[in-house]
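Protein chains in written order, with the working numbering: chain H, 1 to 117; chain V, 118 to 228.
If you're looking for bench data, these hints aren't it; they were derived computationally from the structure. Please note: incorrect hints may appear among the correct ones.
[Stated by the list, open to error] Only pairs whose alpha carbons sit at most 27 Å apart, straight line, appear in this in silico DSSO-like list of lysine-lysine: (1) V:K159 / V:K180; (2) V:K159 / H:K57; (3) V:K196 / V:K180; (4) H:K57 / V:K186; (5) H:K57 / H:K9; (6) H:K9 / V:K159; (7) V:K196 / V:K176.
[As the list claims (entries may be wrong)] Ranges between beta-carbon positions, derived for each pair: (8) H:L39 / V:K180: 26 to 34 Å; (9) V:E177 / H:S80: 44 to 52 Å; (10) V:E134 / H:R22: 41 to 49 Å; (11) H:R18 / V:E177: 43 to 51 Å; (12) V:G146 / H:R113: 34 to 42 Å; (13) V:A127 / H:D71: 38 to 46 Å.
[Said to hold, decoys possible] A few chain H residues that face chain V, going by a derived Cβ cut-off under 7 Å, partial list only: (14) G42; (15) L43; (16) F45; (17) A56; (18) G58; (19) F90; (20) T103; (21) E105; (22) F108; (23) G109; (24) E110; (25) G111.
Just so it is clear, the structure is predicted and the values come from calculations on it, not from any experiment. Even for Gly, the Cβ is constructed at its ideal location relative to N, Cα and C.
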Amino acid sequence: DSGVTQTPKHLITATGQRVTLRCSPRSGDLSVYWYQQSLDQGLQFLIQYYNGEERAKGNILERFSAQQFPDLHSELNLSSLELGDSALYFCASSPLRGGDGDTGELFFGEGSRLTVL
Amino acid sequence: EDQVTQSPEALRLQEGESSSLNCSYTVSGLRGLFWYRQDPGKGPEFLFTLYSAGEEKEKERLKATLTKKESFLHITAPKPEDSATYLCAVPVYSSASKIIFGSGTRLSIRP
Chain H
1 DSGVTQTPKH
11 LITATGQRVT
21 LRCSPRSGDL
31 SVYWYQQSLD
41 QGLQFLIQYY
51 NGEERAKGNI
61 LERFSAQQFP
71 DLHSELNLSS
81 LELGDSALYF
91 CASSPLRGGD
101 GDTGELFFGE
111 GSRLTVL
Chain V
118 EDQVTQSPEA
128 LRLQEGESSS
138 LNCSYTVSGL
148 RGLFWYRQDP
158 GKGPEFLFTL
168 YSAGEEKEKE
178 RLKATLTKKE
188 SFLHITAPKP
198 EDSATYLCAV
208 PVYSSASKII
218 FGSGTRLSIR
228 P
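Work out the full structure: start from the sequences and follow the hints.
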């Protein structure tokens with residue numbers, strides 16, 4: 001158990017809908033990372049937050065948004081869903097801020113499996 | 118372009134048959150390289166961090182090594198429970214600080 005909690009574990013929805021994925025980081029960790037893992041593909045970096053502020057942005061679609069709240073949990077919002085958005089979405093946390101000389105191992109949750117029909 | 122490439126994509130070994138997995142990277146100014154293990158339907162689990170060429174880390178049957186352009190994950194006398202996807206990742210500090218992952222090597226160990 002990594003200490004990172006993601007909900008829901010599974011989600012099935014229809015195209016055009018909107019969903020929210022939630023992540024609670026390990027106790028004490030201030031950084032939250034979001035990754036997308038499609039079938040047979042590697043982990044694609046979406047976005048990182050540190051203590052409520054956006055630190056880095058990857059290949060995140062405009063239909064997707066995220067935020068980190070004062071209690072450090074984070075939410076990833078996916079809207080106008082398409083079939084191609086079906087994937088495993090992972091959240092990871094770290095005690096480090098991220099950036100040169102301040103990046104270390106990530107602790108991953110079990111993921112949220114999104115199926116868009 | 119910053120890139121992490123892993124090979125082979127898949128590897129099937131007999132129990133006890135040693136081998137190596139490769140991770141090559143093209144990033145400017147490496148600040149560390151990470152190895153993770155991922156079981157089906159689970160989140161990646163951290164294995165090792167390597168920071169400089171020549172560095173080696175070991176854990177049970179796994180040993181990770183790092184050169185200036187690539188890293189190897191050596192698996193010695195593997196067991197079926199070592200079957201998993203092995204991922205390597207590097208932090209990138211260009212226009213945005215992020216950690217990018219390779220696509221992984223799916224390792225299968227037959228009893």
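Evaluated hints:
1. V:K159 / V:K180: holds, 23 Å
2. V:K159 / H:K57: Holds, at about 24 Å.
3. V:K196 / V:K180: holds, 15 Å
4. H:K57 / V:K186: holds, 26 Å
5. H:K57 / H:K9: OK: K57 of chain H and K9 of chain H at ~24 Å, within 27 Å.
6. H:K9 / V:K159: holds, 11 Å
7. V:K196 / V:K176: Cα-Cα ~14 Å, so holds.
8. H:L39 / V:K180: 26 to 34 Å: Because 31 Å falls inside the window, the suggested range holds.
9. V:E177 / H:S80: 44 to 52 Å: holds, 46 Å
10. V:E134 / H:R22: 41 to 49 Å: holds, 43 Å
11. H:R18 / V:E177: 43 to 51 Å: holds, 44 Å
12. V:G146 / H:R113: 34 to 42 Å: With a Cβ separation near 36 Å, G146 of chain V and R113 of chain H satisfy 34 to 42 Å, so the hint holds.
13. V:A127 / H:D71: 38 to 46 Å: holds, 42 Å
14. G42: holds, 4 Å
15. L43: holds, 4 Å
16. F45: holds, 5 Å
17. A56: holds, 4 Å
18. G58: Hint holds; G58 of chain H Cβ to chain V Cβ min 5 Å, cut 7 Å.
19. F90: Holds, because the Cβ-Cβ distance from F90 of chain H to chain V comes to roughly 6 Å (cut-off 7 Å).
20. T103: holds, 4 Å
21. E105: Cβ of E105 of chain H sits 4 Å from chain V, so the hint holds.
22. F108: holds, 3 Å
23. G109: Holds, because the Cβ-Cβ distance from G109 of chain H to chain V comes to roughly 5 Å (cut-off 7 Å).
24. E110: Holds, about 5 Å.
25. G111: Nearest chain V Cβ about 6 Å off; hint holds.
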